[in-house]
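Asks: Protein sequences, first through last, are from chains D and B.
Mapping to my numbering: the first sequence position 118 is 104, numbers consecutive.
Mapping to my numbering: the second sequence position 62 is 66, numbers consecutive.
Honestly, the hints are just simulated from the structure, not real lab data.
Among the hints, erroneous ones may be present.
Computed cross-link-like contacts, DSS-like style, restricted to lysine-lysine with a CA-CA straight-line distance of at most 27 Å [to be verified]:
| # | chain 1 | residue 1 | chain 2 | residue 2 |
| --- | --- | --- | --- | --- |
| 1 | D | K(-12) | D | K278 |
| 2 | D | K95 | B | K47 |
| 3 | D | K319 | D | K205 |
| 4 | B | K227 | B | K206 |
| 5 | D | K232 | B | K197 |
| 6 | B | K197 | D | K41 |
| 7 | B | K293 | D | K95 |
| 8 | D | K124 | B | K246 |
| 9 | D | K224 | B | K289 |
| 10 | D | K121 | D | K70 |
| 11 | B | K293 | B | K246 |
| 12 | D | K348 | D | K290 |
| 13 | D | K95 | D | K70 |
| 14 | B | K289 | D | K95 |
| 15 | D | K205 | D | K260 |
| 16 | B | K227 | D | K95 |
| 17 | D | K70 | B | K246 |
| 18 | D | K73 | B | K246 |
| 19 | B | K197 | D | K(-12) |
| 20 | B | K197 | B | K246 |
| 21 | D | K232 | D | K278 |
| 22 | D | K79 | D | K124 |
| 23 | B | K246 | D | K260 |
| 24 | D | K205 | B | K231 |
| 25 | D | K290 | B | K246 |
| 26 | D | K260 | D | K348 |
| 27 | D | K95 | D | K60 |
| 28 | D | K67 | D | K319 |
| 29 | B | K246 | D | K193 |
| 30 | D | K348 | B | K289 |
| 31 | D | K278 | B | K246 |
| 32 | D | K67 | B | K246 |
| 33 | D | K205 | D | K193 |
Note that the structure is predicted; figures quoted are calculated from it, not measured.
Below, each chain spelled out in residue letters.
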Amino acid sequence: MKIHEYQAKDILARYGVPIQPGRVAYTPDEAAAIARELGGPVVVKAQVYVGGRGKAGGIQFGDTPDQARAAAAKVLGMDIKGLKVEKVLVVDKVDIKEEYYLGIILDRKTQAPVVMVSKEGGIDIEEVAANTPEKIIKQPIDMRWGLRPFEARDILARAELPHQVISKGGAILSALAQAFIESDASLAEINPLVLTTSGQVQAADAKILIDDNGLFRQKEYALWAESEESNPLEYEAKQAGLTYVKLDGNVGIIGNGAGLVMTTLDMVARVGGKPANFLDIGGGAKAEVMYKALTFVARDPQVKGILVNIFGGITRGEEVAKGVIMAQAELPKGMPIVVRLSGTGAEEGKALLKDAGLDWGKDMREAAQKIVAAIG
Amino acid sequence: MSILLDNTTRVIVQGITGREGLYHTRNMQATGTNLVGGVTPGKGGTTVEGLPVFDTVAEAKAATDAEASCIFVPPPGAADAIMEAASAGISLIVCITEGIPVIDMTRAMIVVREHGARLIGPNCPGMCTPGHGKIGIIPYQIFTPGLVGFISRSGTLTYEVVALLTEAGIGQSTCIGIGGDPIIGSTFVDYLKLFEADPGTKAVVMCGEIGGSDEEDAAEFIKTMSKPVVAFVSGRTAPPGKRMGHAGAIISGNTGTAQGKVAALQVANVPVADTIFEIPDLVQKALAKL
């Protein structure tokens, strides 16, 4: 799950990471009021779930409350990579002397969180990793005890951060690691960590991704979930308990099991169609789940037909067929549906589909060909 | 011959009294799996389907000398169940549970490694050795005993491909769903090593998918193998940055793409099927060359 910069900073502040004072504003007037409270020059930062805000003009400055209002008016409503800016973070402007990068990602190979530090901050870390990997110091966290303060200082020293940053920065890196572990994060970054001209060390920007599987025990953060402007269907699907990914094509696709659904998308593309979505109904789904999935997929206005591909095991063919028949009445009139069933209850399911005048394919390939042909 | 499981392997079920655990315990018994007991904290002393239930894995291990465990414990307690099994000396742990927080798995893997146990999964359908039995939820009736090892990151895709193999008269030695999570107990390379050493396996089918670099690592290892491997990679149409159902099925930046995996496998001279329907032919050709 993605969260905003201000939320990531809120989490880090609880662990003692210094951040610039400030708040979120939803209107230019609120931004001006926050700037007045802060009493000095401010930065107005778009809060959207995407990187590269600065380049897109989503970060503006204001020396006075009036300028802050104007900056917020410019940023609010702005379109950044397809996302509409609905709120801005207004914080004290700091005079930056140097910028560094602190990050922790979950590493599949070492099967542990890995700390990454670079003395070049404020940049795209993936670019640094690709072009000059020697500039990044990496170290896995031993999950028996977490990142101990001396290890954090050692990493910063090896990354050649200046002496005056080692102590404060080490405490911040330890706090980042603790926040990562206790928040069920899969990524946590402070980019940049700044050294100000007055010698303070602060997190000027922060990013945290929360592991969806951890949300059952991160109840506060789970409430922060919000719809992405560009993708309201995915958000709604999640709320409805469906595993759904929106794609660009016109063939709606539903199946059971992630690998099977992915393979079905590939098959549709192979026979000349364009998948509109990925939807996995999981194992053991009943007719109601199938009904919900079909009516949901049909809500995407791009969808011109739907392919249902089910390998029956604990999912029963007749339940699938019942769900399809239930949903059919509510789908746009004449929208083609092709069902492919195999395994448990497939014959019973096919009989039900035949009675209802629905088409099926004998295997995944035939079903894909039929739906692509039906859409034309 | 086979790897990891035959009809003498003593297996317990953790979470045996739950809905899933109970249902699949019956199914496993029906396939001939040598189930010797189960564990549910608080239900010790009772019996389920004729099997003794224990409060802890340590008690189950002491009473039954179990070698393997199948875990049906819900996500909040699943990593603990894995650590309990490893700590009790269970050498083969199969965790079916989907939805375990990844941080929990980073801790569980330390314990699994310390005890030298092998973990299959989590977020997997388990494994089976046709003619001997199964651990997990794989539909056993689609298999037929034979000489082809099978490994896959996906459940239902495994069933599709196995059904095609069986239909084509190609039997299987052992089949393993390795799990769809970012952190899994054993990777393709681990199983390829076992199949390479197994006299009952002549060739291997490997079904990968987007995310991570296990397929690329496998490609490197296959260069050193004497037995042929046939591969398939799903997710060619998956967009970057989106989780395709499995927590581990995500393209991050340029890593984890289907195209990258297919290319790495082709460099290792592994025939890669464009669609699953080509897999039986590629296997027949590989076997014919032996």
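Asks: Run through the hints listed earlier and report the numbers of any the structure violates, in increasing order.
Replies: 2, 3, 5, 6, 7, 9, 10, 11, 13, 14, 15, 19, 20, 22, 24, 27, 28
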